Amino acid sequence: MSAKAIGEAVSGAPSETATPLKTQLRRAERLKKLKYGALIAPLALFLLLTFLWPIGALLMRSIENPEVPEALPQTLRALAGWDRQALPGEDAYAALVADLTENKGSRTLAVAAKRMNMEEPGFRSLFMNTARKLPLEPGVDAREGLLEIDSQWGELGTWQLIARNGRAYTDYFLLAAVDLYRDGAGNIVQADPSASIFVDIFVRTFWMSLIVTVWCVVLGYPVAYLLATQSSRVSNLLMIFVLLPFWTSILVRVAAWIVLLQQGGLINMGLISLGIIDQPLQLVFNRIGVYIAMVHILLPFMILPLYSVMKGISPTYLRAAVSLGCPPFKSYWKVYFPMTIPGLAAGGLLVFIISMGYYITPALLGSPKEQMASYFVAFYTNETTNWGMAAALSAVLLLATLILYFVYNRLVGSATSGARPR
Amino acid sequence: MSQADPSATIATKAAPHVSFRGTQKTYDGEHLIVSDLNLDIRRGEFLTLLGPSGSGKTTCLMMLAGFETPTAGEIRLGDQVINKVPPHKRNIGMVFQNYALFPHMTVAENLRFPLAVRKLPAAEIDVKVKNVLEMVRLSEFSSRYPQQLSGGQQQRIALARALVFDPELVLMDEPLGALDKQLREHMQLEIKHIHQTLGVTVVFVTHDQGEALTMSDRIAVFDAGIIQQIDSPEALYERPANSFVASFIGENNALHGTVESIDGALCRVRLDCGAEVVARPGNVVGVGARTMLSVRPERAFLVSGSAPSVNLFSGEVKEVIYLGDHVRIRLDLAGSHDFTVKTPISQLDKSLQAGDNVQVAMDPAHISALDAVVESTAM
Numbered sequence: 000m001s002a003k004a005i006g007e008a009v010s011g012a013p014s015e016t017a018t019p020l021k022t023q024l025r026r027a028e029r030l031k032k033l034k035y036g037a038l039i040a041p042l043a044l045f046l047l048l049t050f051l052w053p054i055g056a057l058l059m060r061s062i063e064n065p066e067v068p069e070a071l072p073q074t075l076r077a078l079a080g081w082d083r084q085a086l087p088g089e090d091a092y093a094a095l096v097a098d099l100t101e102n103k104g105s106r107t108l109a110v111a112a113k114r115m116n117m118e119e120p121g122f123r124s125l126f127m128n129t130a131r132k133l134p135l136e137p138g139v140d141a142r143e144g145l146l147e148i149d150s151q152w153g154e155l156g157t158w159q160l161i162a163r164n165g166r167a168y169t170d171y172f173l174l175a176a177v178d179l180y181r182d183g184a185g186n187i188v189q190a191d192p193s194a195s196i197f198v199d200i201f202v203r204t205f206w207m208s209l210i211v212t213v214w215c216v217v218l219g220y221p222v223a224y225l226l227a228t229q230s231s232r233v234s235n236l237l238m239i240f241v242l243l244p245f246w247t248s249i250l251v252r253v254a255a256w257i258v259l260l261q262q263g264g265l266i267n268m269g270l271i272s273l274g275i276i277d278q279p280l281q282l283v284f285n286r287i288g289v290y291i292a293m294v295h296i297l298l299p300f301m302i303l304p305l306y307s308v309m310k311g312i313s314p315t316y317l318r319a320a321v322s323l324g325c326p327p328f329k330s331y332w333k334v335y336f337p338m339t340i341p342g343l344a345a346g347g348l349l350v351f352i353i354s355m356g357y358y359i360t361p362a363l364l365g366s367p368k369e370q371m372a373s374y375f376v377a378f379y380t381n382e383t384t385n386w387g388m389a390a391a392l393s394a395v396l397l398l399a400t401l402i403l404y405f406v407y408n409r410l411v412g413s414a415t416s417g418a419r420p421r
Numbered sequence: 000m001s002q003a004d005p006s007a008t009i010a011t012k013a014a015p016h017v018s019f020r021g022t023q024k025t026y027d028g029e030h031l032i033v034s035d036l037n038l039d040i041r042r043g044e045f046l047t048l049l050g051p052s053g054s055g056k057t058t059c060l061m062m063l064a065g066f067e068t069p070t071a072g073e074i075r076l077g078d079q080v081i082n083k084v085p086p087h088k089r090n091i092g093m094v095f096q097n098y099a100l101f102p103h104m105t106v107a108e109n110l111r112f113p114l115a116v117r118k119l120p121a122a123e124i125d126v127k128v129k130n131v132l133e134m135v136r137l138s139e140f141s142s143r144y145p146q147q148l149s150g151g152q153q154q155r156i157a158l159a160r161a162l163v164f165d166p167e168l169v170l171m172d173e174p175l176g177a178l179d180k181q182l183r184e185h186m187q188l189e190i191k192h193i194h195q196t197l198g199v200t201v202v203f204v205t206h207d208q209g210e211a212l213t214m215s216d217r218i219a220v221f222d223a224g225i226i227q228q229i230d231s232p233e234a235l236y237e238r239p240a241n242s243f244v245a246s247f248i249g250e251n252n253a254l255h256g257t258v259e260s261i262d263g264a265l266c267r268v269r270l271d272c273g274a275e276v277v278a279r280p281g282n283v284v285g286v287g288a289r290t291m292l293s294v295r296p297e298r299a300f301l302v303s304g305s306a307p308s309v310n311l312f313s314g315e316v317k318e319v320i321y322l323g324d325h326v327r328i329r330l331d332l333a334g335s336h337d338f339t340v341k342t343p344i345s346q347l348d349k350s351l352q353a354g355d356n357v358q359v360a361m362d363p364a365h366i367s368a369l370d371a372v373v374e375s376t377a378m
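Heads up: the sequence lines are chains A and B, in that order. Quick note: the first sequence uses numbering that gives the first Met the number 0, first residue 0, plus one each step. Quick note: the second sequence uses numbering that gives the first Met the number 0, first residue 0, plus one each step.
Watch out, some of these pointers could steer you wrong.
[Stated by the list, open to error] The following residues of chain B were derived to be distant from chain A, with all beta-carbon distances above 10 angstroms:
id, residue
1, K129
2, E173
3, H185
4, L188
5, I193
6, G263
7, G323
8, G334
[Said to hold, decoys possible] Among chain A residues calculated to face chain B with C-beta under 7 angstroms, some are:
id, residue
9, T315
10, Y316
11, R318
12, A319
13, V321
14, P326
15, V334
16, P337
Please keep in mind that the hints were generated in silico from the structure rather than gathered at the bench. It should be emphasised that the depicted structure is a prediction, and the values quoted were computed from it without experimental measurement. Every residue, glycine too, gets a C-beta built ideally from N, C-alpha and C.
When you get a sec, could you build the whole thing from the sequences and use the hints?
Next comes the structure, spelled out in structure tokens:
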């Protein structure tokens, strides 16, 4: 660099180097960010492909409704401007005959018939029978021909159902998942109480998760406190007992609980031989059994976050409270307990959210009255292959959990904003 | 006052505020961490417990606060034996090493805490909190959380919290340990001034002798569970009761020898190198006993020309260390290879350098003839 260039650089320093410096910083930061990005890219890609995309795809199933538009394109076109108040015109009948004739015996029609049968039992046979009897004799009027095959074609409801499913997306499954449906005119109405099951199931899922969480807090808090305050020899031993359930298969543990809790099981026999009870207690295949096993399985999820928070709380805080004149028990409540709230919140949220999705334990240890939302998701995917219903139930469960999370976060977050033990 | 009986009961003019009588503490049943403590704390004084770690000073404080129970002996607060009084009923304020401000409460809530526990009326609480915040000059921080304050501010709030409920006695357990040097020195003076204003009795624990000398009315020097000396800072420094105190507090030149005669306020000691020294007898047992002579570096002078006749030694300069306000001169003198003389920069002969031979004089009143337990020099 020549002396002149140096002189220029020095004289122009304040105004000229300000921007390049910022650019340089940004460039350096960008490189750093790229490096970090490269480090997490494999995991991010893996999560995208195996987690986010499948979940997204499954949730889409709850609103996708392609069956009827694929099978009856001409009919739907003819129904496009229909007011749904009176029977449609002649052209709709003719279009329907054309569609059914074209797709006769095809899979497309079978799937569409099955789809409509979900909403109105009897529609599968209506469609399949009608298609079998088509095409009509030449010269026969489409409307009269169809009415002759089945008088249902003369009913308003039949056409309303077709028209309702005429779009590629539907809210039918999501509404059904919360016991609602659209009537013939398209208004959302409450399902008949005898057919309403899902709201009860969600309430049950929430309630059972709440009970499990409360029990985990009640049982886990003292254990976490012991872990955090005992000498390392004692606390290491305790920690092994806490972690032991983690190292055992969930099925093995559930089977073990059945052995322990059943009518002729260890606990009942023990109590009877001690003379405490005469008749064996019903401890399994009911709600008690589900609670016992779920609390057992989820307890570590409560204890570990609590422990990590409690470990960071210096015993000096309690001494300080006592030295200020606060009796020991009150000191725990006023000083120690508020500092453990972040741990309690983390553990509680973890246990509650895991409980909400519990499937195996209620399925094996509960009666039908203990089945939670995920059981019905499994039922619709495995047994009736109703993907729409399974996806809708999952979506409602997910949404409910998210709402709960935000409410909870708001409450606990504001309560503990200042409570970060140093 | 400076008599060297470790377990001596120090007589006080008025009834003591706190007194330990034959107090002992052991954790394992084998070793006494505090052995036979007898200590009177005067009402309104600033007493510092000073000692190396493990000397029992913190245990004493914890026993006074009620967090540790004495295994023997009694502790009195006023005329009441408080051995069995639980800590929350003792009405003793305490400042902890890491402040222990409650992180989930604001500054004001922290200060209200001891008053609310005492069920004071809300209006009175407000006034007290306001006053104490003014005292520590942090009124505008009342709605902050402790972790939003600097270390020094947290320290002042911790102090305010320990004072707000007007306790009879305030205990401080190394409260300035976490602060940097400058802030620590500032806080030392601030605490001292607050003590002077309020007249509350303070028991302060530290291992920092500078802190102890700055702040205290009296200092109790602990070692091995025993009070080695309890005295005013000046007496402690100028007339250490034994060789431990002499080595622990301040800098110390140690000369080893044998006592030849004791004559009232003076004694003659024959050093191992053959020279004779006239000194002030400290806790030497008697004629013929081994002794360690202790001289502070600033109490030895380089002399030239008209020299006194007693305690005049000649030695060789090994090193001259410049320290801005003073110079340290390391000498080979009177059998010690590490004899240090501290000279103000204004009185220094600029031409002095290593290898020179110099004359050093010491006033007998500033040489203490002490026990010879500590044979190695502290410096």
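Here's how the hints hold up against the structure:
1. Under the 10 angstroms C-beta cut-off, the non-interface status given to B/K129 relative to chain A holds; the minimum distance is some 18 angstroms.
2. The Cβ of B/E173 lies farther than 10 angstroms from every Cβ of chain A, with a closest approach of about 12 angstroms, so its non-interface assignment holds.
3. Non-interface status of B/H185 relative to chain A is upheld: no Cβ of that chain comes within 10 angstroms, the nearest being about 22 angstroms off.
4. Every beta carbon of chain A lies more than 10 angstroms from that of B/L188, the smallest distance being close to 25 angstroms; the non-interface claim holds.
5. At roughly 18 angstroms, the least C-beta separation between B/I193 and chain A is larger than 10 angstroms, which holds for a residue marked as non-interface.
6. Its beta-carbon lying about 50 angstroms from the closest one in chain A, B/G263 satisfies the requirement of being farther than 10 angstroms from that chain.
7. Its beta-carbon lying about 37 angstroms from the closest one in chain A, B/G323 satisfies the requirement of being farther than 10 angstroms from that chain.
8. Distance check on B/G334: its Cβ is at least 49 angstroms (rounded) from any Cβ of chain A, clearing the 10 angstroms threshold; non-interface status holds.
9. At a threshold of 7 angstroms, the smallest CB-CB gap from A/T315 to chain B is about 4 angstroms, leaving the interface hint in force.
10. A distance limit of 7 angstroms between C-beta atoms decides the matter here; for A/Y316 the minimum to chain B is near 5 angstroms, and the interface restraint holds.
11. The interface hint given for A/R318 holds, since its Cβ lies 6 angstroms from the closest Cβ of chain B, which is under the 7 angstroms cut-off.
12. With its C-beta approaching chain B no nearer than about 4 angstroms, A/A319 sits inside the 7 angstroms limit, and its interface hint holds.
13. The beta carbon of A/V321 comes within 5 angstroms of a beta carbon in chain B, closer than 7 angstroms, and the hint placing it at the interface holds.
14. The criterion of a C-beta within 7 angstroms of any C-beta in chain B is met by A/P326, whose closest approach is roughly 5 angstroms, and the hint holds.
15. Proximity of A/V334 to chain B holds as hinted, the smallest CB-CB distance being about 6 angstroms (cut-off 7 angstroms).
16. The interface hint given for A/P337 is met, as the beta carbon of that residue sits about 5 angstroms from the closest beta carbon of chain B, less than 7 angstroms.
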